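Here are the chains, one letter per residue:
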Amino acid sequence: MPVIALASPKGGCGKTTAALLLATELAQKGIGVTVLDADPETYIDTWAKLPDKPPSLTVKKSPTEQTILDDIDKAKQESPFVIIDLEGTANMLVAYAISRADLVIIPLQPSDLDARGAAKALQLVRQQQKAFNRTIPHAILFTRTKAAIRTKTFTHISQQLTQNKITIFKTHLMEREVYRALFSYGGCLENLDPKDVYHLQDAINNARAFAGEVISMVNSPHTPSTRPTQELEGVLT
Amino acid sequence: MSKSRAAIPFDEDFSQTSDFTKTFENVSPQTFRPEAVATTAPVSVAKLTQVAAASGFQSREPNSAAPHLSSVPGEGRSRRPRRIYRTGRNTPLNIKARPHEVDKFNWICTQKNWVQGVTLQNALLALEEKLGLTYPVEDPGPPS
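Protein chains in written order, with our numbering: chain A, 1 to 237; chain B, 1001 to 1144.
Calculated directly from the structure, the hints in this document are not laboratory data.
All figures in this text were calculated on a predicted structure; none of them were measured in a lab.
Any given hint could be a false lead.
Restricting the straight-line Cα-Cα distance to at most 20 angstroms, the calculated cross-link-like pairs of lysine-lysine (PhoX-like) are [claimed, not checked]: (1) K170(A) with K152(A); (2) K74(A) with K61(A); (3) K29(A) with K1022(B); (4) K1047(B) with K130(A); (5) K170(A) with K1022(B); (6) K61(A) with K49(A); (7) K170(A) with K146(A); (8) K60(A) with K74(A); (9) K53(A) with K29(A).
If you only want the chain B side, here are some residues facing chain A, beta carbon under 8 angstroms, derived [said to hold, decoys possible]: (10) F1032; (11) V1043; (12) L1048; (13) S1059.
Every residue gets a Cβ at the ideal spot worked out from N, C-alpha and C, and that includes glycine.
Construct the entire structure; sequences and hints are all you get.
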């Protein structure tokens, strides 16, 4: 069953938030999920110590370059879904995780810096596809987008990605206070009190749509981005 | 930053979000099961390292944490075996002598290219022979 890696060498692009939302939405439905928290800051492991973690969700922290491949293989035998939250740097853990991934999600805030980070991650995926003659499904996930504002940068990046035939999640993870609150309160979105956070149901729908799209991707015989990705470095400027 | 702001068009892309929500809500947990055995083919770590480096992804851990980087015997740095010659001379002998005798002792050391411990050892053997005496305890020699 799927190993899903969230990768981008750019920090703060939404990897951890996307990983936690995906993991909690799957787990609150009773689907077994193991999160490998490969970010040295161990934000998800810290979240896991708060109350109301779904019982079908396991968090394992700090895999190393020596252990990550074994950790992934072991997690695959324990849980149907393995989600790897990676550090926002260009390190070898990212390469190891991608080498085992069934889907690579590349989060991207609509900013030029994030786009450059995404380009670097896409290049690594492309190089691995070539080197190992293996299709590695991957897609860009726009994060922290605004519901009512579309910047020129966003439009530009979207156009560049489309022109280069790179798969983009149709679902965006919107900028939402609720998602930040999840790291304070613990548990799932469904556990939060609507009195404590605004627009809770919208946030839940948004996260479920994201999880549903991920499920569609990993279930699809025509996985996204089976075609070679194009060189993006220097294009997204 | 953009000066003009335009509303996000809620076109077909965004309308599909609700479909994905339905996909999620209709999914059965029993659909997904862990793998009995790992099915992903292992990749060459050396090649992976090379590919990652070409994309600017490098190890952030000490080399000792990544032994797979060099699996070829003789490749990379290896620790040399320690080369230590043990004499067993580890006990000080502090005696007072006349300056002339000290000079003479050191002169013999220089002439024979012996360290002082060897000179003392040979001097004692010569004395034993000259005096016809034998120390009753056998010399254990240097430690192995």
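- [ ] Could you tell me which of the numbered hints above are not met by this structure, giving the numbers in increasing order?
- [x] none
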